[in-house]
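Undergrad: Sequence:
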Amino acid sequence: MATNWNAVLANINNASDILAILRKILPLLDGKVDGTTLDEILTQLNKVAEDGEITIQEALETINLLEQKILDRTSAFDEAIEAAAAAGAGSNGWTADLVAYAGSTQKQFNDSQNNLNLTIINYVNPKMFGAKGDGVTDDAQAIRNCFIFMVANKATFNDPSYSEYLYNSNILVNAPNQKLVISGNCKFISENNYITFSGTKEQLGYISFSASRNSKTITLNQNAVLNKGDLIAIHNSRVSSLSSHESYYYDGEYKTVEASSGNVITLESMLETSYPAGIQDKVWKVNPIILDIRGVKFKSSGLSAIKISLSAYSYFDFNSENPSTSSGAQNSFNLDRSYSSYIAGGRHIKVNLSGSGTDYGIIIGNSQDILVEADYVFGARHGCAIGGDDTDMAAPNRRIHCEKMTIENSPTSLLHAADMHGNTIDCHYRDNYIKGRISLSGRNPKAINNKIHVHPGDIRVPIGLSQLIGGRVESINNEVVTSGGASYILGWLASSTIQKASEPTTLVLQDIKFEGNPNMVGILAAFNLPVSSNVILDGFELVGSAPIFDRLLNYSAGASAVKPSFIQITRPKFAVPDSIILIAGDAGLAGVAKQVFPSSGTTESNGSWIRNSDGTMECTIRVTATLPVTTTATGGFKTADIQWTYPKPFVAQPRLSPMIFDNVSVQIKATSAGTSSAKIYSFSNISVENAGINFDITAKGKFLY
103 MATNWNAVLA NINNASDILA ILRKILPLLD GKVDGTTLDE ILTQLNKVAE
153 DGEITIQEAL ETINLLEQKI LDRTSAFDEA IEAAAAAGAG SNGWTADLVA
203 YAGSTQKQFN DSQNNLNLTI INYVNPKMFG AKGDGVTDDA QAIRNCFIFM
253 VANKATFNDP SYSEYLYNSN ILVNAPNQKL VISGNCKFIS ENNYITFSGT
303 KEQLGYISFS ASRNSKTITL NQNAVLNKGD LIAIHNSRVS SLSSHESYYY
353 DGEYKTVEAS SGNVITLESM LETSYPAGIQ DKVWKVNPII LDIRGVKFKS
403 SGLSAIKISL SAYSYFDFNS ENPSTSSGAQ NSFNLDRSYS SYIAGGRHIK
453 VNLSGSGTDY GIIIGNSQDI LVEADYVFGA RHGCAIGGDD TDMAAPNRRI
503 HCEKMTIENS PTSLLHAADM HGNTIDCHYR DNYIKGRISL SGRNPKAINN
553 KIHVHPGDIR VPIGLSQLIG GRVESINNEV VTSGGASYIL GWLASSTIQK
603 ASEPTTLVLQ DIKFEGNPNM VGILAAFNLP VSSNVILDGF ELVGSAPIFD
653 RLLNYSAGAS AVKPSFIQIT RPKFAVPDSI ILIAGDAGLA GVAKQVFPSS
703 GTTESNGSWI RNSDGTMECT IRVTATLPVT TTATGGFKTA DIQWTYPKPF
753 VAQPRLSPMI FDNVSVQIKA TSAGTSSAKI YSFSNISVEN AGINFDITAK
803 GKFLY
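Residues in the sequence shown are numbered from 103 upward in steps of one, following the working numbering.
Errors might be hidden in some of the hints.
Below, a list of computed lysine-lysine pairs in the DSS-like style, where the Cα atoms sit at most 25 Å apart [claimed, not checked]: (1) 256 / 234; (2) 548 / 401; (3) 615 / 553; (4) 330 / 387; (5) 289 / 303; (6) 256 / 330; (7) 303 / 281; (8) 303 / 330; (9) 387 / 289; (10) 318 / 387; (11) 553 / 675; (12) 234 / 399; (13) 781 / 771; (14) 229 / 256; (15) 330 / 318; (16) 553 / 602; (17) 399 / 256; (18) 234 / 387; (19) 771 / 675; (20) 696 / 804; (21) 401 / 553.
Rather than coming from a laboratory, the hints here were simulated on the basis of the structure.
As the structure is a prediction and not an experimental result, all values here were calculated from the model.
Kindly generate the complete structure, drawing on both the sequences and the hints.
TA: Right, dumping it as structure tokens:
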């Protein structure tokens, strides 16, 4: 419909208003309108410029002409749009590139506006980048774009949509020295791929001047520019520099920087080990990713459901699952080369046995100062493991503390649910509910206040020793609720690892509470180590019926000639039957210092006994009888020999001491005295046909070697 220009012009007061209208209309015309007509219009405008006036009639005629030309242009543009639409321009977004306003196409404006909106909202999720989230469509690129934007704009991730984002290729998120916050209830799923969040590392050089334990400075072979608080890692890459159990068990540690000047780095805390200097003592600067991941779930049949590498100061409370059955190393949550972080919750499950795979629920590798308090971890082989690999910056695990979890593994694996490898230092499992068994490895490993349920029929020790370096190896206040078919509560998992202990070791089994089983032989199995060692069994309680086992500690020398320096068995918390052997194999421990719990008892016919804590024993019997003292003996007369079987045997011939109470006996002598019995008689100066004999005799000796 034509515009009623008469009505418009009726409200115009002067030529300036008319010119303003004309100047808004003219830019709408282009080459599709007849050029001659445009020239006429311009002539009219020039007339205004010359005399400053334009008549109403002239204005009306000019505007009506312009209206017709605009209709012509619109019609031509409509034809172009219809042709473009027939070719799919709308669905393909072509027109967004065709129209420009203020120097920007529609597409450019849309992109700018979208980024502006994301910046204003300050959180992102894959759907904002085109993901479907239906668990069917491959959303890999949208996921990547989401994280790329997140890193570039310091946005957070929030997805409360319960979407399932499928990705069919590996996704790597690099964010050195940056914190990423990820929350929601969405799920990332894949068949054969996984997501990795990572920082970066760069080698600064190597230690060029020997650095001693407890020092706070290291000297590099070249200058390094570092700031206070920067994180570095030191890696002694010499073969078996930490332990001979594996060639790739390297020494090293993570440290934070106090200051640096030239090639000298001052540390905020003292070195925990020494470095001889050389190109093998590598020093790395770690540019960690800092993560806060809560609520989301990662599920994949790849090598991991999620891998986090080179992270620090991070917080994790999410779920992961890996249902893979393929051979090779698989796990659900792989935390690699990380520092000072907290796994605050979540469920991490590696469901199936995969032949030669590792099958871990959680694996903590080459990391330091990590607190793990997941809700539930299950691995077909190991629910939770502390280990690592042999690549660069493979520092040992220090202070990995696994606490307050339910840790479970598959009974068919025949392995332990809570696992440590030999590249661990000062690590522990504490306050966990363990459905399976536990192993202790490395230097100063500990199991504290755990409840252990051995799978029915499992004959391996509930608390196993494997790949020990040495130090203080402690099981404290653990309860073995079910012991399966285990022969002992604590012992070595493989004899081949015993000979690779390299540092003095004190083995402590303290305040253990356990259930017996028909296969049980004793509580603790001990062997010689190639280094000096102590063995302590202190505070032990049998739950349930009387014990079936016949010993407390079983000792075998094994391949080493280095005996323990000290053995302690103290504070039983149940009535230990007299028949129980304290140390089976004690004959091989002659000369070893021992401390045991004192005990005593009385027999009906052989007298009483007292065992002392230092391994000595006294056996006493009172002889009261009327006997003839008529048998000729040197210097007098004697009774017939009296056979005395000691109530408890000695390990060497004891010394006999009498106490005479009658008026006939002058002496009490022995014709023989062995470790288990003696033949004794009363001696008198005179012959007495029926003498009242009354004396005590005490045998004093050792019941332990």
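Undergrad: Next step is simple, just say for each hint if it's right about the structure.
TA: To see whether the hints hold, each was checked on the structure:
1. 256 / 234: Satisfied, since the Cα-Cα distance of roughly 24 Å is no more than 25 Å.
2. 548 / 401: Roughly 32 Å separates the two Cα atoms, so the pair is violated.
3. 615 / 553: Holds - the C-alpha atoms of residue 553 and residue 615 are around 9 Å apart, at most 25 Å.
4. 330 / 387: holds (12 Å)
5. 289 / 303: violated (29 Å)
6. 256 / 330: Holds, at about 23 Å.
7. 303 / 281: holds (16 Å)
8. 303 / 330: holds (17 Å)
9. 387 / 289: violated (33 Å)
10. 318 / 387: holds (17 Å)
11. 553 / 675: holds (18 Å)
12. 234 / 399: holds (17 Å)
13. 781 / 771: holds (8 Å)
14. 229 / 256: Given that 25 Å is the threshold and the Cα spacing comes to 18 Å, the pair holds.
15. 330 / 318: At roughly 14 Å apart (the allowed maximum being 25 Å), residue 318 and residue 330 satisfy the hint.
16. 553 / 602: violated (29 Å)
17. 399 / 256: Since the Cα atoms of residue 399 and residue 256 sit roughly 22 Å apart, the hinted pair holds (cutoff 25 Å).
18. 234 / 387: Measuring from Cα to Cα gives roughly 39 Å; hence the hint is violated.
19. 771 / 675: It is violated: about 41 Å lies between the C-alpha atoms, which goes past 25 Å.
20. 696 / 804: holds (11 Å)
21. 401 / 553: violated (29 Å)
In this structure, the earlier hints numbered 2, 5, 9, 16, 18, 19, 21 are contradicted, and the remaining ones agree with it.
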